[in-house]
Amino acid sequence: MSGRTRTIRVETLARVEGEGALTIKLHGDRVTDVKLRIFEPPRFFEAFLKGRHYSEAADITARICGICPIAYQMSALHAMERALGIRIDPAVRLLRRLFYCGEWIESHALHVYMLHAPDFLGYPDAIQMARDHRAVVEQGLRLKKIGNRIVRLLGGREIHPVSAAVGGFYKTPAKSVLRELEEDLQWATEASLATVKLVAGFEFPDFEQDYEFVALAHPEEYPFNEGRLVSSRGLNIDAAEYEDHFVEQHVKHSHALHSVVRGRGSYLVGPLARFNLNFDRLPALAREAAHTAGLAPPVKNPFRSIVVRAVELVFACVEALRVVREYEPPAAPRATAAPRSGVGQAITEAPRGILYHRYALDENGLILTAKIVPPTSQNQKRIEDDLREFAAQVAAWPLEEATWKCEQAIRNYDPCISCATHFLRVNVERE
Amino acid sequence: MNSERKKKPRVAVFKFASCDGCQLSLLDAEDELLAVAGAVEIAYFPEASRAMLKGPYDIALVEGSITTHQDAERIQQVRRQAKTLVTIGACATAGGIQALRNWKDVTEFIRVVYPSPQFISTLKLSTPIAEHVPVDFELRGCPINHYQLIELIAATLAGRKPNIPAYSVCLECKRQGNVCVPVAHGTPCLGPVTQAGCGAICPAYDRGCYGCYGPMESPNTASLTSQFRILGQSDQEISRAFRSFNAWAWQFRKASEECERA
Numbered sequence: 001m002s003g004r005t006r007t008i009r010v011e012t013l014a015r016v017e018g019e020g021a022l023t024i025k026l027h028g029d030r031v032t033d034v035k036l037r038i039f040e041p042p043r044f045f046e047a048f049l050k051g052r053h054y055s056e057a058a059d060i061t062a063r064i065c066g067i068c069p070i071a072y073q074m075s076a077l078h079a080m081e082r083a084l085g086i087r088i089d090p091a092v093r094l095l096r097r098l099f100y101c102g103e104w105i106e107s108h109a110l111h112v113y114m115l116h117a118p119d120f121l122g123y124p125d126a127i128q129m130a131r132d133h134r135a136v137v138e139q140g141l142r143l144k145k146i147g148n149r150i151v152r153l154l155g156g157r158e159i160h161p162v163s164a165a166v167g168g169f170y171k172t173p174a175k176s177v178l179r180e181l182e183e184d185l186q187w188a189t190e191a192s193l194a195t196v197k198l199v200a201g202f203e204f205p206d207f208e209q210d211y212e213f214v215a216l217a218h219p220e221e222y223p224f225n226e227g228r229l230v231s232s233r234g235l236n237i238d239a240a241e242y243e244d245h246f247v248e249q250h251v252k253h254s255h256a257l258h259s260v261v262r263g264r265g266s267y268l269v270g271p272l273a274r275f276n277l278n279f280d281r282l283p284a285l286a287r288e289a290a291h292t293a294g295l296a297p298p299v300k301n302p303f304r305s306i307v308v309r310a311v312e313l314v315f316a317c318v319e320a321l322r323v324v325r326e327y328e329p330p331a332a333p334r335a336t337a338a339p340r341s342g343v344g345q346a347i348t349e350a351p352r353g354i355l356y357h358r359y360a361l362d363e364n365g366l367i368l369t370a371k372i373v374p375p376t377s378q379n380q381k382r383i384e385d386d387l388r389e390f391a392a393q394v395a396a397w398p399l400e401e402a403t404w405k406c407e408q409a410i411r412n413y414d415p416c417i418s419c420a421t422h423f424l425r426v427n428v429e430r431e
Numbered sequence: 001m002n003s004e005r006k007k008k009p010r011v012a013v014f015k016f017a018s019c020d021g022c023q024l025s026l027l028d029a030e031d032e033l034l035a036v037a038g039a040v041e042i043a044y045f046p047e048a049s050r051a052m053l054k055g056p057y058d059i060a061l062v063e064g065s066i067t068t069h070q071d072a073e074r075i076q077q078v079r080r081q082a083k084t085l086v087t088i089g090a091c092a093t094a095g096g097i098q099a100l101r102n103w104k105d106v107t108e109f110i111r112v113v114y115p116s117p118q119f120i121s122t123l124k125l126s127t128p129i130a131e132h133v134p135v136d137f138e139l140r141g142c143p144i145n146h147y148q149l150i151e152l153i154a155a156t157l158a159g160r161k162p163n164i165p166a167y168s169v170c171l172e173c174k175r176q177g178n179v180c181v182p183v184a185h186g187t188p189c190l191g192p193v194t195q196a197g198c199g200a201i202c203p204a205y206d207r208g209c210y211g212c213y214g215p216m217e218s219p220n221t222a223s224l225t226s227q228f229r230i231l232g233q234s235d236q237e238i239s240r241a242f243r244s245f246n247a248w249a250w251q252f253r254k255a256s257e258e259c260e261r262a
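Taken in sequence, the protein lines are chains A and B. Heads up: the first sequence at position 75 corresponds to 75 in this note's numbering, and the numbers run straight through without jumps. Heads up: the second sequence at position 139 corresponds to 139 in this note's numbering, and the numbers run straight through without jumps.
You may find that some hints are simply not true.
Said to hold, decoys possible - Taking lysine-lysine and the PhoX-like style, the derived pairs with C-alpha atoms no more than 20 Å apart in a straight line are:
id	chain 1	residue 1	chain 2	residue 2
1	B	Lys104	B	Lys124
2	B	Lys161	B	Lys83
3	B	Lys124	A	Lys50
4	A	Lys50	B	Lys104
5	B	Lys7	B	Lys54
6	B	Lys54	B	Lys83
7	A	Lys405	A	Lys35
8	B	Lys254	B	Lys104
9	B	Lys104	A	Lys371
Honestly, the hints are just simulated from the structure, not real lab data.
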């Protein structure tokens with residue numbers, strides 16, 4: 001075998017949220033170095049949250065990410081409610097699930113159709129893909145629009161919605177307003193089933209890894225805002241214990257911190273982890289769709305995450321329909337409590353995986369310290385580990401094809417780099 | 001008539017320090033996206049495409065604020081390649097929420113967030129694009145309104161002034177028949193000093209406007225500050241209200257600093 005040294009290099013990683021780069025160094029078919037560089041400029045959210053009021057954290061942290069603002073709002077609100085000892089009304093809980101369904105539908109439809117499908121069908125983007133597959137792109141856009149419609153209805157706008165408040169919502173909708181979503185959601189359920197069928201027909205590289213999957217698990221439902229944090233290697237903890245089990249490491253090539261399981265190493269969060277750890281709590285329609293698509297837990301091929309995302313689209317549509325039908329407005333839009341000093345932690349399931357927030361408050365309700373661990377910084381080390389294995393498989397390929405395939409391997413994770421630094425470029429070097 | 005196809009205007013999207021939400025607004029224009037993509041050539045938009053074409057560009061949409069030495073240089077290159085440069089959103093137009101560092105010692109911030117501060121290189125201030133290069137139009141909002149973005153692109157292509165009003169959120173509230181939240185409920189509201197464009201959503205959802213579109217054309221922040229005091233707000237609370245997503249916009253900056261000194 002030749003000892004030729006080559007470099008796979010992507011200066012600006014495309015179709016991810018935020019800015020990053022990749023460099024992979026190859027010697028023959030051996031991978032000598034993998035660096036996922038995140039050069040998105042740091043924004044220091046945790047530092048400037050200090051001294052702000054607890055009621056401001058949800059709106060401020062939403063600005064970490066324009067793709068999943070609701071995830072930030074939910075983790076912030078639940079952490080604050082824990083610090084303040086607030087219990088939310090069951091109707092508010094139901095509305096928050098609907099709100100999250102909207103974000104999952106919008107975010108997953110964006111990723112499946114606009115960001116990831118072009119890799120499988122061989123186009124640089126969805127707009128060029130639309131020239132040959134217009135109906136497919138239009139279906140994706142309509143699905144995305146329905147997710148956005150839910151968010152807009154509950155929160156006033158798609159990006160950085162304004163209605164979520166500590167204890168509930170500033171304003172809750174009338175029953176009749178939610179019922180207006182029913183027709184759209186019925187269409188979206190069918191379109192999601194069609195999405196599963198479509199993406200299950202794509203070609204997937206033969207690549208499986210032995211992951212530690214980490215996700216929330218709830219006894220009765222597929223997780224959004226509640227549950228214990230569990231892993232495929234026996235972890236089972238409350239959100240308050242998160243920092244005892246996970247540590248963040250700062251590496252020189254990245255503005256995002258790498259998170260690892262203490263004593264073990266990288267782990268995977270997001271659709272694959274949720275699906276593998278909560279399969280039996282998916283609605284029957286989603287489980288059947290997974291079965292027909294040939295998916296059974298544990299799914300260990302990260303390239304199949306696009307199919308799992310499509311299955312989660314089915315789940316989100318079915319769940320949204322349930323809420324829309326069962327919803328009765330709460331007696332009051334939100335529960336209130338007097339400020340007090342305390343600490344609150346919460347984990348919720350952002351579309352890309354678990355999002356951890358912790359706040360310490362003083363007796364006036366001002367934030368003393370804040371800690372935020374977004375899903376992409378948790379997956380970042382795992383992405384590098386995947387690339388180390390995967391690059392060896394494509395090392396002999398022409399450089400352009402190998403580079404594209406490695407980019408696709410990163411997009412398996414739907415990384416949100418804006419979140420992770422609160423950036424991504426890909427460089428594959430062949431020596 | 002010339003049988004040759006007219007060359008489409010070339011649009012590029014650049015990102016600096018930001019949350020990606022404003023450029024996502026373009027992808028969120030689900031009904032208009034394929035039509036826009038038909039009318040212009042999307043030459044550089046890494047969030048949406050791995051095909052990245054070199055400049056020059058007819059329109060550069062710039063998201064995010066300048067916070068690093070590299071970005072201060074990169075914006076100069078963007079300006080040189082762009083016929084029309086439009087900033088999209090509060091970060092690019094006013095420095096964004098990350099401009100809260102401008103009142104603090106950024107090296108202290110780095111120590112709070114990063115265990116190995118020596119790996120981080122950053123500027124002392126988060127600044128809007130217009131502090132670095134001439135800007136042709138500033139689109140407001142955290143996030144921008146995608147209808148305003150489509151209007152702006154259409155107007156730029158037609159060579160006319162975009163129809164984007166600079167009056168306050170109050171006018172939008174009146175037009176929609178919203179209840180005035182400070183008058184009816186005593187809720188502090190930045191609507192009178194904030195530029196319209198969002199559709200007055202916060203008052204429509206029973207809360208006060210938090211100023212995410214930045215200062216309107218002639219904001220009377222001193223008068224609003226006294227109203228806030230009448231509603232029982234402390235100077236610290238009023239200062240925090242002005243100091244959010246458009247904190248470094250000079251009118252809001254001045255108002256927050258006056259409260260701090262009071």
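Checklist entry - Does lysine 35(A) lie within 20 Å of lysine 405(A) when you go C-alpha to C-alpha? => result Measuring from Cα to Cα gives roughly 16 Å; hence the hint holds.
Checklist entry - Holds or violated: are the alpha carbons of lysine 104(B) and lysine 124(B) at most 20 Å from each other? => result holds (9 Å)
Item to check | Pair hint outcome, lysine 124(B) versus lysine 50(A) [Cα-Cα no greater than 20 Å] | outcome: holds (18 Å)
Next on the checklist: Can you confirm whether the C-alpha distance between lysine 50(A) and lysine 104(B) stays at or below 20 Å?
Outcome noted: holds (11 Å)
Checklist entry - lysine 161(B) and lysine 83(B): Cα distance at most 20 Å? => result holds (16 Å)
Next on the checklist: Check the hint pairing lysine 254(B) with lysine 104(B) against an upper bound of 20 Å on the C-alpha distance.
Outcome noted: Satisfied, since the Cα-Cα distance of roughly 16 Å is no more than 20 Å.
Checklist entry - Going straight from one Cα to the other, do lysine 54(B) and lysine 83(B) come out at no more than 20 Å? => result Satisfied, since the Cα-Cα distance of roughly 14 Å is no more than 20 Å.
Next on the checklist: Please verify whether lysine 7(B) and lysine 54(B) have alpha carbons no more than 20 Å apart.
Outcome noted: Holds - the C-alpha atoms of lysine 54(B) and lysine 7(B) are around 16 Å apart, at most 20 Å.
Next on the checklist: Need the status of pair lysine 104(B), lysine 371(A): alpha-carbon distance at most 20 Å?
Outcome noted: Roughly 19 Å between the alpha carbons, so the hint for lysine 104(B) and lysine 371(A) holds.
When the structure is compared with the earlier hints, no violation turns up for any of them.
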